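J.: Each chain, letter by letter, is given below.
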Amino acid sequence: GENVEQHPSTLSVQEGDSAVIKCTYSDSASNYFPWYKQELGKGPQLIIDIRSNVGEKKDQRIAVTLNKTAKHFSLHITETQPEDSAVYFCAALRNAGNMLTFGGGTRLMVKP
Amino acid sequence: DAGITQSPRYKITETGRQVTLMCHQTWSHSYMFWYRQDLGHGLRLIYYSAAADITDKGEVPDGYVVSRSKTENFPLTLESATRSQTSVYFCASSEPRASGNTIYFGEGSWLTVV
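Quick note, the sequences are listed as chains A and B, same order. Per the numbering used here, the first sequence runs over residues 473 to 584. Per the numbering used here, the second sequence runs over residues 26 to 139.
Hints listed in this document are in silico derivations from the structure and should not be mistaken for laboratory results. This one's a predicted model, so the numbers in the text were calculated from it and none came from an experiment. Careful: at least some of the hints might be erroneous.
[To be verified] With a straight-line cut-off of 30 angstroms between C-alpha atoms, the simulated DSBU-like cross-links for lysine-lysine are: (1) A:Lys494 to B:Lys82; (2) A:Lys583 to A:Lys514; (3) B:Lys36 to A:Lys509; (4) A:Lys494 to A:Lys514.
Go ahead and model the full structure; you've got the sequences and the hints to work with.
T.: Right, here's the structure in full:
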């Protein structure tokens, strides 16, 4: 089955700096890679996703890059703000079965 | 638009008791999922359902039972709760499309087994 590894497990940055979270996956058939943000006491919420036919996708301060050859993808947050503080999860999905496999999560702390 | 709702949000139960966590979605999504979230393990899939009356095991199904008699409901039952089942449980749903497979999560059910 699919295995997704996520690094780092915790990340502390100063407000205004950039944050990068990296994930690797094992199943070359995976073709959809979402990122979720989970705030304290809430369920994960989708913030950005990328499909395997695209190398990069941006949405304001958030971007995701995908390297299919190396089987890794990354989340980039620029100009971080205190409200970006949360746990972020990457995931990978194969269409067959429609099951997401999650990484272990990254706790991002943005210091004002 | 209510989306996906879980109940109860918080529950304390005793070892050996049966507990049912409810999940209801208003989007008519075909797929529904139950995940548990534990410190150090991230999100792990317990069971999922591709449609009414179709369910399948995920990564950690032991000790749990699910049913899906209606598309909008996907209850999770712990037949005889154990302390190791103390966790936060998330229900989710999705509708696969060519444009993507966005999975939407509920707000979670905090279960403590004493």
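J.: Under the criterion that the straight-line Cα-Cα distance not exceed 30 angstroms, is the pair Lys494 (chain A), Lys514 (chain A) satisfied?
T.: holds (23 angstroms)
J.: Are the Cα atoms of Lys36 (chain B) and Lys509 (chain A) separated by 30 angstroms or less?
T.: Measuring from Cα to Cα gives roughly 25 angstroms; hence the hint holds.
J.: So if I understand the rule, the pair passes when the alpha-carbon distance is 30 angstroms or less; does Lys583 (chain A) with Lys514 (chain A) pass?
T.: Measuring from Cα to Cα gives roughly 21 angstroms; hence the hint holds.
J.: With the threshold set at 30 angstroms, check whether the alpha-carbon distance from Lys494 (chain A) to Lys82 (chain B) stays at or below it.
T.: holds (29 angstroms)
Checked against the numbered hints above, the structure violates none of them.
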